[in-house]
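Novice: Here's the letter readout for the chains.
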Amino acid sequence: MTQTLQWFAPRRQLAPRPRLVLGIMSFVLPLLIWSLVSYVPWIWHPLVEVTEPGSVSYFKAGQRVERELFAAETAKALEAGAPQPQGTPANPVYLPAPHEVLQAFYLAFTAEPERRNEKWLHESLADSIYVIFWGFVISSIIGLPLGILCGTYDVFSRLAEPFVEFFRYLPAPAFGALAVAILGIYQAPKIAIIVIGTLFQQILVISNTTRKLDPALLEAAQTLGARRLSLLFRVVVPGIITDVYKDMRILLGWAWTYLIVAELIGTSSGITWFITQQARYKNFDNVFAAIMIIGIIGLSTDLLLAWLGRRIFPWQRAEARA
Amino acid sequence: MTRMQQFELPSYLEQSDAVRDRFARLRQRPVVLEVKGLNKDFETSHGPVTALRDISFVTHKREFVCVIGPSGCGKSTLIRILAGLETPTSGQLLLDGRAVHGPGPDRGMVFQSYTLFPWLTVKKNVMFGLERAGRGRLAAEEEAMQWIELVGLSKFARSYPHQLSGGMKQRVAIARALANQPRILLMDEPFGALDAQTRAKMQSYLMEIWKNIDITVLFITHDLDEAIYLADRILVLKAHPGEVQELIEVPVPQPRSPEQLLSPEFLATRKRLEELIHPPQDDAALSEDHLNMVRMVAVDDEVESVF
Ligand SMILES: Nc1ncnc2c1ncn2[C@@H]1O[C@H](COP(=O)(O)OP(=O)(O)O)[C@@H](O)[C@H]1O
Ligand SMILES: [Mg+2]
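The listed protein sequences correspond, in order, to chains F and H. No gaps in the numbering here: position 301 of the first sequence is 301 in the working numbering, and each next residue is one more. No gaps in the numbering here: position 300 of the second sequence is 300 in the working numbering, and each next residue is one more.
Derived by calculation from the structure, the hints in this document are not laboratory data. Glycine included, C-beta positions come from ideal geometry on N, C-alpha and C. One or more hints might be untrue.
A few chain H positions that, by computed beta-carbon distances, are all more than 12 angstroms from chain F [stated by the list, open to error]:
| hint | residue |
| --- | --- |
| 1 | E8 |
| 2 | L26 |
| 3 | R29 |
| 4 | T50 |
| 5 | D54 |
| 6 | Q163 |
| 7 | K201 |
| 8 | P241 |
| 9 | P253 |
Distance condition first, Cα-Cα at most 25 angstroms in a straight line; then the derived SDA-like pairs of lysine to any residue [said to hold, decoys possible]:
| hint | chain 1 | residue 1 | chain 2 | residue 2 |
| --- | --- | --- | --- | --- |
| 10 | H | K211 | H | R62 |
| 11 | H | K124 | F | P238 |
| 12 | H | K124 | F | Q86 |
Non-contacting residues of chain F with respect to chain H, defined by C-beta distances greater than 12 angstroms in every case (computed) [stated by the list, open to error]:
| hint | residue |
| --- | --- |
| 13 | L217 |
| 14 | T223 |
| 15 | A226 |
| 16 | W256 |
Next comes chain F alone, as it looks inside the complex (with noise of 0.2 angstroms):
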């Protein structure tokens, strides 16, 4: 009793044991109300997957009615006593059933898609990797820099950042038309939505990130002679170095969410294109599918970021693992 109470305690840690098993729990409890609703027919399943249309002329195999039409119909033939609908309750199809999904993933890496000028969901992934990396990278090549400088120096900031404050609540997908009048139909519009919805937030962050380097620091590093460049490259970088790469990662996630602009225009490709097709197909358990590799893509390098962080800077192991 006193030991859940503690799990309560406001920023007290828990145990290596419960916060393993919690964050396994993060992920098996959502499936479990998911198969719930998917395997347990009186858990929502309003509709009736039709297996035997019997006399009533409209209903085909495989269809799915709403429940109350599906009983009204089943009343009719036994007042009529024609042979009776038969029929299992159903989800409607937006709604796949995990193992479905999971047959979807399978599937999309092993069979051939089944129209012909479709791309493999691998090569869609890979359209969309593409362009999330290069304009991620462009726009750290601008942003960071400039961010770092904005943070440092005031001169810079007071230039830089009333344009970018007033630049970063211009939608990016409004400039959609123009990147492709200038830059053509292929990736590299794609690539400048996406430049266009971090960068301006990135010179944000990073400068707001650098303004919060303890000022001692840098009077210290005076006192010990340090002056004009060596104050940059040797105490500002390095001492922001831990959080900008924090705040890098937590841009790469909103970098993903322009992605779903960036694709549709121009020649449309990649993974959100891939999942507006295959959701005009009413493949559900597709678009399930390629939206859980975009989560597993994202978790994924998001971890792999942080286990490289920890090596890298070895300095902040003690606080690395908040």
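Chain F is fixed; fit chain H with the ligands onto it per the hints.
Specialist: Leaving out everything else, chain H with the ligands in the frame of chain F:
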């Protein structure tokens, strides 16, 4: 305090022959730092605030000077001006007779807040200034190790600051400042955040170091015992505005040891500092300072009174 006054204490101005002789020789030494008519005003939203007014003093080579004063009297402002981290509103600052502007490695500084670079190991922290001075990597490394040895932390050369205790961090900070071989070591309440035991240990370390190397120290503290124990001379400031109240020559003979904390000279100096820093207040100020308390203990409480 009351107990002290029961004994007949000598005047803090009385010096034994050895002490008087030592001060005479000390005054013959070359001047390292000279402060002339220093003023500092801060512009605040409530108008200008005078933090320091007309501060003048000199420190001689290898002298240990403590600066003491009530909180807010401008001690940190003074030392930050000496370090070049603030600019004085007016006045002159001479190091070895030459005017100095801006921070530089000729004036080492140890701050109260721990300012080791968290991304560098102990050794790299100490190497920082040496590398800025253009020393080669190997030479810097070798020299840094000597300074780390001096503060007794050779075993921790590869540790990161977050693995060290507060006292160890300040020892590294001292080594880091000394590695540049500054003309003067400025210390702003460096042991203020340490517990009493560690603080006492750090004081003896610092005395040991000061005895053995060529360094002049300007040390800020608000701890009277610390000031008397460490200093040749104590610069007493008063608040609002910060002005020099007195420059006391500490009559306690050198070398110092903790036993002297109860010697008549020590107690006499302590009494004088108490008078300067906590002057007897008049009744008006006293009543203003008092809490307006109402008795909030049940009448039938089992503990009737704490006395
Ligand atoms: N940057 C500043 N801006 C405005 N006022 C300041 C600034 N720094 C210090 N002061 C004021 O100067 C006075 C002395 O401060 P400080 O040197 O920190 O005192 P001490 O170190 O003796 O406690 C205080 O009244 C403080 O409010
Ligand atoms: Mg202070």
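Novice: Each hint: holds or not?
Specialist: So, going through the hints one by one against the coordinates:
1. E8: Non-interface label on E8 of chain H holds, nearest chain F Cβ at 46 angstroms vs cutoff 12 angstroms.
2. L26: Given that every Cβ of chain F is farther than 12 angstroms from that of L26 of chain H, nearest at about 26 angstroms, it holds.
3. R29: Nearest chain F Cβ is 24 angstroms from R29 of chain H, so the label holds.
4. T50: Check passes; 23 angstroms lies beyond 12 angstroms.
5. D54: Its Cβ never comes within 12 angstroms of chain F, the nearest being 26 angstroms, so this holds.
6. Q163: violated (8 angstroms)
7. K201: Per Cβ check, K201 of chain H is outside 12 angstroms of chain F; nearest 23 angstroms; holds.
8. P241: Holds: least Cβ distance 24 angstroms, greater than 12 angstroms.
9. P253: P253 of chain H clear of chain F: closest Cβ-Cβ about 33 angstroms, beyond 12 angstroms.
10. H:K211 / H:R62: holds (9 angstroms)
11. H:K124 / F:P238: Given pair K124 of chain H, P238 of chain F holds - Cα atoms ~13 angstroms apart, limit 25 angstroms.
12. H:K124 / F:Q86: violated (79 angstroms)
13. L217: violated (6 angstroms)
14. T223: Not fine: 4 angstroms to the nearest Cβ puts T223 of chain F too close to chain H.
15. A226: violated (5 angstroms)
16. W256: W256 of chain F clear of chain H: closest Cβ-Cβ about 30 angstroms, beyond 12 angstroms.
Checked against the numbered hints given earlier, the structure breaks hints 6, 12, 13, 14, 15 and satisfies all the rest.
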